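Q: In order, the protein sequences belong to chains G and X.
So the first sequence is numbered by the working numbering: it starts at 662 and just counts up by one.
So the second sequence is numbered by the working numbering: it starts at 6 and just counts up by one.
Just so you know, the hints here were simulated from the structure itself, not pulled from any lab data.
Keep in mind that a hint or two might mislead.
Said to hold, decoys possible - One side of the interface only, derived from the structure: several residues of chain X facing chain G at Cβ under 8 Å:
1) Y12
2) F76
3) I79
4) W85
5) T87
6) I102
7) V104
8) G106
9) W174
10) F178
11) P285
12) T289
13) W348
14) T349
15) R385
16) F389
Stated by the list, open to error - Taking lysine-lysine pairs in the BS3-like style, the calculated list, with each CA pair at most 27 Å apart, reads:
17) K63(X) / K727(G)
18) K881(G) / K727(G)
19) K1027(G) / K727(G)
20) K883(G) / K1027(G)
21) K727(G) / K883(G)
22) K63(X) / K881(G)
23) K1027(G) / K63(X)
24) K1027(G) / K881(G)
In this text the structure is predicted, and so the values were computed from the model without any measurement.
Even glycine gets a Cβ: it sits at the ideal position worked out from N, Cα and C.
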Amino acid sequence: MDTPLIGPETLLGFPAPYWFLAFFKVFGFSLHMIPMNLWYAGLLTVLLAGRFGGENARRLRDRFLKALLILIALGINFGIVPLLFTQVAYYQVFYPATILMAWPWFSVILLVMLAYYGVYIYVVGLSRPSLSPFRRAFGWLAAGLFIFVGFLFANGFSLMTNVSGWQALWRSTSFAGAALGTGLNLADPSLVPRWLMMFGLALTTTGAYVLVDSAFFAAKEKVEYRQWARRFAFAVYTGGMLWFALAGSWYFFGTLGSEIRLTLLRSPTLILTLLTALSPGLPWLVIRFNMDREARGLALLTGFAQYGVVALNAVSRQIVQNAELAPVVDVTAQPVRLQPSPMIVFLVLFVVGLGIVYWMVLQAVKAGRRPTQEA
Amino acid sequence: MHYPWWYVPFLTSPMLIALIAVIHVYVSMYAVGGGLFLAVETAYAYRSTNSRYLAYLKEHTWFFILVTVVFGAITGVGIWWTIGLASPLATEALIHIFVFGWAMEYVFFVLEIVSAFIFFYFWGRLPPRTHQTIGWIYGISAWLSLVLITGITAFMLNPGTWIERQDFWVGFFNPQFLPQTIARTGGALLLASLYVYLHAAFYRADDPELRGLISTRSTRPGLLGAVLVTVGGVWWYLALPASAQAALAAASALNILMVIIFAATIVVFAMLYFGPYRNPEWITPGFALLLFTFGLAAIGAGEFVREAVRKPFIVYGVVLSSQILPEEVERFRSVGYLESGLWTRALVAERFPGALGGGGTIDEAALLALPESDRLEAGRVLFFNACNDCHSVADGYSSVAELMRGWTPEMIRSVVEHPERAQFFMPPFAGMPEEVDLLTEYLVSIARPYPPGLQIPGGG
Chain G
662 MDTPLIGPET LLGFPAPYWF LAFFKVFGFS LHMIPMNLWY AGLLTVLLAG RFGGENARRL
722 RDRFLKALLI LIALGINFGI VPLLFTQVAY YQVFYPATIL MAWPWFSVIL LVMLAYYGVY
782 IYVVGLSRPS LSPFRRAFGW LAAGLFIFVG FLFANGFSLM TNVSGWQALW RSTSFAGAAL
842 GTGLNLADPS LVPRWLMMFG LALTTTGAYV LVDSAFFAAK EKVEYRQWAR RFAFAVYTGG
902 MLWFALAGSW YFFGTLGSEI RLTLLRSPTL ILTLLTALSP GLPWLVIRFN MDREARGLAL
962 LTGFAQYGVV ALNAVSRQIV QNAELAPVVD VTAQPVRLQP SPMIVFLVLF VVGLGIVYWM
1022 VLQAVKAGRR PTQEA
Chain X
6 MHYPWWYVPF LTSPMLIALI AVIHVYVSMY AVGGGLFLAV ETAYAYRSTN SRYLAYLKEH
66 TWFFILVTVV FGAITGVGIW WTIGLASPLA TEALIHIFVF GWAMEYVFFV LEIVSAFIFF
126 YFWGRLPPRT HQTIGWIYGI SAWLSLVLIT GITAFMLNPG TWIERQDFWV GFFNPQFLPQ
186 TIARTGGALL LASLYVYLHA AFYRADDPEL RGLISTRSTR PGLLGAVLVT VGGVWWYLAL
246 PASAQAALAA ASALNILMVI IFAATIVVFA MLYFGPYRNP EWITPGFALL LFTFGLAAIG
306 AGEFVREAVR KPFIVYGVVL SSQILPEEVE RFRSVGYLES GLWTRALVAE RFPGALGGGG
366 TIDEAALLAL PESDRLEAGR VLFFNACNDC HSVADGYSSV AELMRGWTPE MIRSVVEHPE
426 RAQFFMPPFA GMPEEVDLLT EYLVSIARPY PPGLQIPGGG
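Next comes chain G alone, as it looks inside the complex (with noise of 0.2 Å):
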């Protein structure tokens, strides 16, 4: 039997206490997987229903891909805060699992590189009188890469808890001991349903999207796409809820390990677990209220609620990377040097960041319901 190639615990310690380093970790993760969920089956989507659907439906796309340059922005920045509290919480499996796939972990920077550039072209053609093949392609292309890379970030997430398995991917992927970075998580049974399930989420959030964008942003439009919009909504948040919970009962029931199964269907975890499974439906609900009348009340109530989806999610997952986690490292028992004083400026800050946000944000609705005047 392998060893776990774990790595002994800091000498510098946490500079907070694990409850904290583990909420910010799920908050700054639910926050990125909103914009995220949008590039990773959102594009793919619009551009099949453009495709495909008839005017609506590539009004709804050329919306969409404008839209999509800010959302890949703000996901890539709202990336940074789980990826700073992973590396603080999670460094003894975190450093070697990307390690065991470095290229193709590497190859995650240039993918979406050239993912947000594909956007870009085809969105600088909607200024044209018409798209051409070759713009076309670019979303086409920045589909696929984005979704490729959400592959990959399932290779990489599942690999960390796969320490059982780092060493015959070490001893398949190395030369004289150093490890080549071409592995891959594909022996895990996990991965493929992880990363199904996601896609399915990602449906979920895309729907959730489009009704608050009709709601809120398209008072432009005409009142038939409005209309047409409400349906789309509903019936891609019906086909991601479908495909969730056959992706989600795949990964749980015949995935996980029968321990970690039993944590989670335990009380007190089995509220939460069932909270995570049954969510989809309030948005789902709310939707399909919503579907014959204009109600931006309503469309609210769904954005925040899919944003419960999607962090009822987050916190699941948390519970489930430390249940696979326990029997090599206990992560929430690792020494703490507090840093108190960094810590309260990173908190006020946070705090005035968000109130500055608010205002902006503020400004910008204001000025939206102004006249654009020459500059």
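Based on the hints, put chain X in the right spot on chain G.
A: Just chain X now, kept in the frame of chain G:
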């Protein structure tokens, strides 16, 4: 030693960091300097009610967002990605010391991105005063993110008294903090000018008066930036640890790069002053490209030198460039280098089970009794873990096969035993005498022969 070593042929994995970091700096410095430039110039355009200049600034803001917001963010994350892969122990140390510094920087990133998009997309719809305020929120946030990251990177070069006190603020406000902040602020302003000038050179402004205005005003931050780079650069040198100053003096490649930094900065200053500042009509694509190239050369060389002078450390006094802690050297020498590493121990146990003694620990003497091919393999394992951070094998960056061309086995052994005596900027080898033998045997097997045609009478 607690993490697997990532082998990148030819280049070596740490050089990937340098590659990504330099590309990132070219963009991130523009993100800072360009943000301040746009805040100042938008205010000026509103104040002087120059609608044509304002229209140009809007054009430039789109270019600015396109270059900085995503490319800058992705390459910034790319540095994180790469340092974790190539220098995991140093990254582990830095993240535990400075996570709140990075978290603060993240707050400013969010402010930057939100303000940048609102600044551009609501141009002409926001009241001028609000528009300018949002421009300043961007500029100040971007500069503060520069200040925060500079505190951390400066720590890597001279942590000051942090090693004794282990306090966040002591580490952050290290002796290199102020000089590097000044130099980087200068670099950001300088690059902002060059980007604006480059953009303006290709921007089809028919109005000569507008072209002249863009030309003159875009040079102002660059001139100030060149002065700050020079002042910060000299102070940076004075605040270097003695060993870094010595490394700078000893390595001829670094001498050349230092000359490039200062020469290119002076050339850029002169070109800006005598060119667009005094003669605004000189705004041509060729001239702008030349200027831009000089600017990139100065900044790129500066980044490379900043990284190189830290040797034999990755984080000065904290983590050695061979990915071990200074306090681990003695222990590794007594226990054994291969035995001390988690992954090296696993490799030996699997590949050379006969070399395991009682209790499953590695018997280094038994390693020497292995067949030659296995000894060479064990030597190669030692090479990857102890040397590959700075040296490629046979070809590529700082290849040992070339560096040891024509060396005798005795010379090689002497360097392996005490690399720090041969070159003070190399870390000590933390292996037992048997491991010195194994590494020496491997290096002898790859060293290239003395070049033919150099048999000078009286020579060795």
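Q: Could you run down the list of hints and mark each one as holding or not?
A: Tested hints:
Nearest Cβ of chain G to the Cβ of Y12(X): about 4 Å, under the 8 Å cut. The hint holds. Taken as an interface hint, F76(X) checks out: its beta carbon lies about 7 Å from the nearest beta carbon of chain G, inside 8 Å. Annotation: interface hint on I79(X) holds; nearest CB of chain G at approximately 5 Å, less than 8 Å. Given the 8 Å rule on beta carbons, the hint for W85(X) holds: about 6 Å separates it from the nearest Cβ of chain G.
Because the beta carbon of T87(X) sits about 7 Å from the nearest beta carbon in chain G, less than 8 Å, this interface hint is met. Against a cut-off of 8 Å between C-beta atoms, the interface hint on I102(X) holds, since the closest Cβ of chain G lies about 6 Å away. Hint on V104(X) holds. Least Cβ distance to chain G is approximately 5 Å, under the 8 Å limit. Checking G106(X) against chain G: minimum C-beta separation of about 7 Å stays under 8 Å; hint holds.
A hinted interface residue such as W174(X) counts as satisfied when its beta carbon comes closer than 8 Å to some beta carbon of chain G; here the least separation is about 7 Å, so the hint holds. A distance limit of 8 Å between C-beta atoms decides the matter here; for F178(X) the minimum to chain G is near 12 Å, and the interface restraint is violated. The closest approach between the C-beta of P285(X) and any C-beta of chain G is roughly 22 Å, which is over the 8 Å cut-off, so the hint fails. Interface restraint check: T289(X) against chain G, minimum CB-CB distance 26 Å, threshold 8 Å, status violated.
With a cut of 8 Å, the hint placing W348(X) at the interface with chain G holds, because the nearest CB-to-CB distance is about 6 Å. Here the hint on T349(X) is kept, as its CB sits about 6 Å from the closest CB of chain G, short of 8 Å. Below 8 Å, beta-carbon pairs count as interface contacts, and R385(X) has one with chain G at about 4 Å; its hint therefore holds. The interface hint given for F389(X) holds, since its Cβ lies 4 Å from the closest Cβ of chain G, which is under the 8 Å cut-off.
Pair hint K63(X) plus K727(G) holds up; C-alpha atoms about 18 Å apart against a cutoff of 27 Å. With a CA separation close to 15 Å, the supplied pair K881(G) and K727(G) stays within the 27 Å bound. A C-alpha spacing of about 21 Å is found between K1027(G) and K727(G), which places the hinted pair at or below 27 Å, so the restraint holds. A threshold of 27 Å between alpha carbons decides the hint, and for K883(G) with K1027(G) the separation of about 22 Å falls inside it, so the pair holds.
Simply put, K727(G) and K883(G) have alpha-carbon atoms about 18 Å apart, close enough for the 27 Å limit, and the pair holds. Our distance criterion of 27 Å between C-alpha atoms is met by K63(X) and K881(G), whose separation comes to about 24 Å. Taking the CA atoms of K1027(G) and K63(X), the gap is about 20 Å. The hint holds against a cut of 27 Å. Among the hinted pairs, K1027(G) with K881(G) is consistent with the structure: their alpha-carbon atoms are about 16 Å apart, no more than 27 Å.
Violated hints for the displayed structure, listed by number in ascending order: 10, 11 and 12.
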